[in-house]
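**Student:** Position chain Y relative to chain D; hints supplied.
Chains as they are written, first to last, in my numbering: chain D, 1 to 254; chain Y, 255 to 571.
Only true hints are included.
Straight-line distance between alpha carbons at most 30 angstroms, and here's what the computed BS3-like set of lysine-lysine pairs gives: (1) Y:K563 with D:K216; (2) Y:K355 with D:K216; (3) Y:K554 with D:K214; (4) Y:K542 with Y:K317.
Here are some of the chain Y residues that sit facing chain D, going by a computed Cβ distance under 7 angstroms: (5) D339; (6) P341; (7) S358; (8) D361; (9) R362; (10) E365; (11) K366; (12) V368; (13) R369.
If you're looking for bench data, these hints aren't it; they were derived computationally from the structure.
These numbers come from a predicted model, not from an experiment.
We treat Cβ as the ideally placed atom computed from N, Cα and C, and that holds for glycine.
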Amino acid sequence: MKFVATIQARMGSSRLPGKVLMQAGGKPFLQRHVERVMMSRLVDKIIIATTVEPADDAIAELGRLHGIEVFRGSEDDVLGRVATCLQPYSGWGHVELVGDSPFVDPQIIDEFVGFFLKNKETVDYVSNGIEISYPNGAEVNVYSVDSLLECDKRVGKHNPMREHVDVHLYQSGLYKCENLLAPPWFNRPDLYLEVDTPKDYQVMKAIGDHFEAKDKKIFTLSDIIDFLSDNPDIAAINQREHRKYWEIKGISGA
Amino acid sequence: MIAGQFQKLTDTKTYSHAKAISENEYFGEIGFYDRNPERAHKIAHSFNGRRFGSIEELLTSHKPLLVSICSPDNCHFEQISILLDHPNCPEIIFVEKPVCKTVSELDRLKEKLVRNPQVSLFVNHSRRFDERHVETARAIRSNALGQFTSCRMDYYGGWEHNGIHLVDFILMCFDNELDVVNASYGCFSKYPGDETIHLSGNLGTGKFNFRAHDEKYYQITETDLFFENGRVLISDFGQRFDYFEKIVNDEVENVLMHIPEKSGVAMQCQMSTAYAELRRFLQTGELKSLENVSIGTVEKVMRHVWKVKDTYAQLNS
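Okay, chain D solo, but in the shape it has when bound (with noise of 0.2 angstroms):
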């Protein structure tokens, strides 16, 4: 089974207009993204999901110039957009990730897709993120394409969940989801590795700045754990962001 990687970006946010293409340790964060899962040895394709909005033009020159695949489709039907990207790879396993997480470790997506592949007879969805216990910002959602297509079908074109793509699998209770849970090293919810907030983007530049003077290029989550633990005044700026997905996922505000 060969696998496809979907980035979701785009440069319009309320909180952090353009927030994918801001600077950490002198590169956009979607270009450190894409060289994150490019390291991932499972994954087979990667494409760029993004808008046909004028704003994301400059997402598509960024694909351009890298080579990756950009695909673009609607702003808000964000499930439509995903599913319709998919399409040519049905049959194939589909890497789900999202833009305001480009610290993903491309390990933890080699180990969910082979957690996938092993038990594909029993599980139709892999995450960290129904029940998050690694890093904020650490997700990774592995499934087949096919089951997104069936839940592009389902969801109604004008149900205003369609700005959201994996809720529909893990909620609609017609898949055999797992959610993987940290280990205890890795176990660290209290940390926020996404760039939503003008405070996320602190955290996150700081991340980037000080590997890029180490000249680590590609560093792992336990890097960034590690980096945390020993700066947590750091870790603290943005540990009181009130995060948009709480409502979806049934998690109070702190």
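**Tutor:** Frame of chain D; chain Y shown alone:
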């Protein structure tokens, strides 16, 4: 089996593994993979085995019960990961030391093992499969030689690559870890970023002194342990043990007497012992001595190796 990079066929770890497997009638056909197909072909031919073009092909068509990894140190983590992420992951992965190169890799390996409880990972810390080393460690732990006073170890070839043997044996013999007081540059090794370093400091009730040697002159691995009532000298890369016991001579002086009946050769069949243990584990599911080369014990050794390296960096920054 995953073969490593080797030049002379009969002078490699890969060959030792293949020989031990082929001599154990429990194991059937051996498969080989090497990045260099010619090398893989050569060794497969020698052991009447099959050569594969990729690890993926080996796992998919050979479906091995056990995979041994004897590749360069910096490939171990990647190759173990490939095995653990594959649907046809073998029941046993037996890897040459060091199991990985960084704390991050170790964390990830442990996570992968949690996700794959049906897989057992063992590391070839070869001294733990040698009867003399095991017996000596037992004697030291039982205080048979009296209180530990000092030890000298001479080594070559990088702190992480070969110093790991010293740390492993120290942790076999003592509950205490090395308390490094002095650490200084000895020489480069052929392993990038892995210098051979001089170390000295405290070890429990005694002192230790590790001396780094440059292999451009010669290779050496020697351990000399001193106790209140005796001495153990392990020379020739761990292959020769000499025991000495304290006696009082006719001038009422304390001197060391060589004990021939306790001395002799070692490390002669540790590889076949390892595979016999792996076979027993496959048949019974009982860890027994393999517990000493499983990830829990190995983690202690690795973390200590890295801790000493960090101390060296701090002392010399």
